[in-house]
Amino acid sequence: MTATKVVPMPAGATPPASARATPEKPRRRTGIGERMMPYLLLLPALVAVLVLLGWPTIQMLGISLRKLDLHELVTGKAVWIGFDNYTEELTDPEFWSVAVRTVVFTALLVAATLLVALVIAVLMRHLNPVVRIILQISLVLAWAVPVIATTTVFQWIFDQQYGILNKTLDRLGFHSFIGYSWFSTGASTLAVIGLLVLWQAVPFVAFTLYAGLLGVPREQYEAAGIDGAGPWQTFRAVSWPAIRPILTMVTFLSVLWDFNMFGQVWAIRQGGPDGASTTLAILQYLKGIAGSHFGSAAAIATIMLVLLLLVTGRYVQLLVRSKDGELA
Amino acid sequence: MRKSLTQRVTLSVVGVLVALLFFFPTYWMFTTSLKTPGEVLSPKYDLFPTSATLANFASALTKPGFVTYLSNSLIVTLGAVLAALVVGVLAAIPLARFRFKGRKGFLLLILVAQLAPLSALFIPMYLLMRDLGLLNTLPSLLLVYFATSLPFTVWMLYGFINGIPYDLEEAAMIDGCSRAGAFRRVTLPLLGPGLVTTSVFSFITAWNEFLFALVFMQDKPKQTLPVWLSSFKTAFSVDWGGIMAASVVYAIPALIFFLIVQRKLVSGLTAGAVKG
Numbered sequence: 015m016t017a018t019k020v021v022p023m024p025a026g027a028t029p030p031a032s033a034r035a036t037p038e039k040p041r042r043r044t045g046i047g048e049r050m051m052p053y054l055l056l057l058p059a060l061v062a063v064l065v066l067l068g069w070p071t072i073q074m075l076g077i078s079l080r081k082l083d084l085h086e087l088v089t090g091k092a093v094w095i096g097f098d099n100y101t102e103e104l105t106d107p108e109f110w111s112v113a114v115r116t117v118v119f120t121a122l123l124v125a126a127t128l129l130v131a132l133v134i135a136v137l138m139r140h141l142n143p144v145v146r147i148i149l150q151i152s153l154v155l156a157w158a159v160p161v162i163a164t165t166t167v168f169q170w171i172f173d174q175q176y177g178i179l180n181k182t183l184d185r186l187g188f189h190s191f192i193g194y195s196w197f198s199t200g201a202s203t204l205a206v207i208g209l210l211v212l213w214q215a216v217p218f219v220a221f222t223l224y225a226g227l228l229g230v231p232r233e234q235y236e237a238a239g240i241d242g243a244g245p246w247q248t249f250r251a252v253s254w255p256a257i258r259p260i261l262t263m264v265t266f267l268s269v270l271w272d273f274n275m276f277g278q279v280w281a282i283r284q285g286g287p288d289g290a291s292t293t294l295a296i297l298q299y300l301k302g303i304a305g306s307h308f309g310s311a312a313a314i315a316t317i318m319l320v321l322l323l324l325v326t327g328r329y330v331q332l333l334v335r336s337k338d339g340e341l342a
Numbered sequence: 016m017r018k019s020l021t022q023r024v025t026l027s028v029v030g031v032l033v034a035l036l037f038f039f040p041t042y043w044m045f046t047t048s049l050k051t052p053g054e055v056l057s058p059k060y061d062l063f064p065t066s067a068t069l070a071n072f073a074s075a076l077t078k079p080g081f082v083t084y085l086s087n088s089l090i091v092t093l094g095a096v097l098a099a100l101v102v103g104v105l106a107a108i109p110l111a112r113f114r115f116k117g118r119k120g121f122l123l124l125i126l127v128a129q130l131a132p133l134s135a136l137f138i139p140m141y142l143l144m145r146d147l148g149l150l151n152t153l154p155s156l157l158l159v160y161f162a163t164s165l166p167f168t169v170w171m172l173y174g175f176i177n178g179i180p181y182d183l184e185e186a187a188m189i190d191g192c193s194r195a196g197a198f199r200r201v202t203l204p205l206l207g208p209g210l211v212t213t214s215v216f217s218f219i220t221a222w223n224e225f226l227f228a229l230v231f232m233q234d235k236p237k238q239t240l241p242v243w244l245s246s247f248k249t250a251f252s253v254d255w256g257g258i259m260a261a262s263v264v265y266a267i268p269a270l271i272f273f274l275i276v277q278r279k280l281v282s283g284l285t286a287g288a289v290k291g
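Protein chains in written order, with the numbering used here: chain U, 15 to 342; chain P, 16 to 291.
With the rest of the complex left out, here is chain U (with noise of 0.2 angstroms):
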């Protein structure tokens, strides 16, 4: 207790580095109630965690080992077969195909979301006053829209026959493109969904790394001018160290959603045509809700969980780990 300091401190003299509160450690003199406290303020968290995601999971679990249809459903009988579920999925191409396909379009996705939201970040932060707010309105335009209502304005646009994209090309004299369907084959369909995602999620990850930007020290920037750096030098040496932890969190999240997104997938083609854009998402769904096999489907959906932990695992280790739970 004697060693409690009390320092003054001039306003706004305060450096960012010591901005990180260290949480105090518990005091000798709390008493149980005290103590209690954390527990008391986590227990709704917990509570509403525990029931609404820890239980329909461990259930999910549960199901992924049974033959659950709909007569199973109905009856309410629990009919037990160990891991024929995953041997069934696990041995069927079509199941490697659809998960290679989401594998590797999550990871484009996530690429691109980055590469652009990175230069729109940068872009931002040398733009005059004037072009950076329109820039900045468009882009919190283009996030506020709802997804549903984004995925049909891109369907209209992409549109076989009054689409304004193929009236466009036409115009642009590319002939082709009059009647040309966007929606024909797999990789097309998946890169209209791709180019759709994209517009939704830039704006908060362009966003969120300029913010970052603001952070770093306008000194640093003309440090390294003094010493010569140029452009990409000075980006390499100073911004990227700066952005890093929340590049980091940002591709975390994007894997997370992009992994797991299933509305623009669906609402573009349900996955077709003939199952070419269907990803893991979709085809749990398929297997469940429009099939009756909620057993299979509770097995791919357990493999998703499974992936995401295999990939996202070094780093939910990692903030766990870091000092205050967090990388920065």
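To be clear, the hints were calculated from the coordinates, so they are not data collected in a lab.
The beta carbon of each residue, even a glycine, is placed where N, CA and C say it ideally should be.
A few of these clues could be false.
As the list claims (entries may be wrong) - Capping the alpha-carbon separation at 30 angstroms, the derived lysine-lysine pairs in DSS-like fashion look like this:
#	chain 1	residue 1	chain 2	residue 2
1	P	K59	P	K248
2	P	K78	P	K248
3	U	K91	U	K81
4	P	K248	U	K181
5	P	K248	P	K235
6	U	K181	P	K59
To be verified - Partial list, derived from the structure: chain U residues whose beta carbon lies under 10 angstroms from chain P:
#	residue
7	I46
8	R49
9	P52
10	Y53
11	L87
12	V88
13	V145
14	T164
15	Y176
16	K181
17	R185
18	H189
19	Q284
20	Y329
21	Q331
Starting from the known structure of chain U, fit chain P onto it as the hints suggest.
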């Protein structure tokens, strides 16, 4: 660090082009909504509208049940946002301000909870709501949206509270505030941007959700706007003008929400992001 004139002009041009690219779909949604069916389905090149009609809006808004869907959506979304914020702040405080047993375990739980694919939890959640007797009621959707945005909310708010110097609270406590009082008077006001940024995410999640809304709500008067929007598309024809007008209507509450919070949004992102 001065840039030459050509550099500045090039940058501005690139900036405007990118802005136009991101603006176009919104623009296209809006202009299409102002066209008559004949104009929509015409081979004419119509990047810029020559005439405008509000007929699509009139027919969208007078579709039966629009007001019901709108209020259902608002109740479910705002309820979920509010619940996630309250529970999220309560959980974020001890995570950021106390050291206690199980803290890392809880953080891990929060992180892993974000991995769960929502569309995969569908069947167990359906069974859960059935057992709770909540199917076909608004609280079932509210609970689902609350639960899915909660982990992210806790995680973000934890970062924000971490970013507010604890010294400030300590100073208030030395001046005679209780622990709770210090938090309420010092940290909570500074948390504004964080609350705003976080609520944007839960708002978007809940406002957009379609799958659960479609299956949980069997009665038409209980359905939400995303389901309403899908009713414009039938198997054989798409009323593009109507659906665009409906999309505009559907986007407006989200835009209003953004407009209300936008001044705090960028500063919130700054604070949150600088913290990492």
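Tested hints:
| no. | hint | in the structure |
| --- | --- | --- |
| 1 | P:K59 / P:K248 | 23 angstroms, holds |
| 2 | P:K78 / P:K248 | 14 angstroms, holds |
| 3 | U:K91 / U:K81 | 10 angstroms, holds |
| 4 | P:K248 / U:K181 | 23 angstroms, holds |
| 5 | P:K248 / P:K235 | 17 angstroms, holds |
| 6 | U:K181 / P:K59 | 8 angstroms, holds |
| 7 | I46 | 13 angstroms, violated |
| 8 | R49 | 8 angstroms, holds |
| 9 | P52 | 3 angstroms, holds |
| 10 | Y53 | 7 angstroms, holds |
| 11 | L87 | 9 angstroms, holds |
| 12 | V88 | 12 angstroms, violated |
| 13 | V145 | 4 angstroms, holds |
| 14 | T164 | 6 angstroms, holds |
| 15 | Y176 | 6 angstroms, holds |
| 16 | K181 | 5 angstroms, holds |
| 17 | R185 | 6 angstroms, holds |
| 18 | H189 | 13 angstroms, violated |
| 19 | Q284 | 12 angstroms, violated |
| 20 | Y329 | 9 angstroms, holds |
| 21 | Q331 | 9 angstroms, holds |
Hint violations for this structure: numbers 7, 12, 18 and 19, all remaining hints satisfied.
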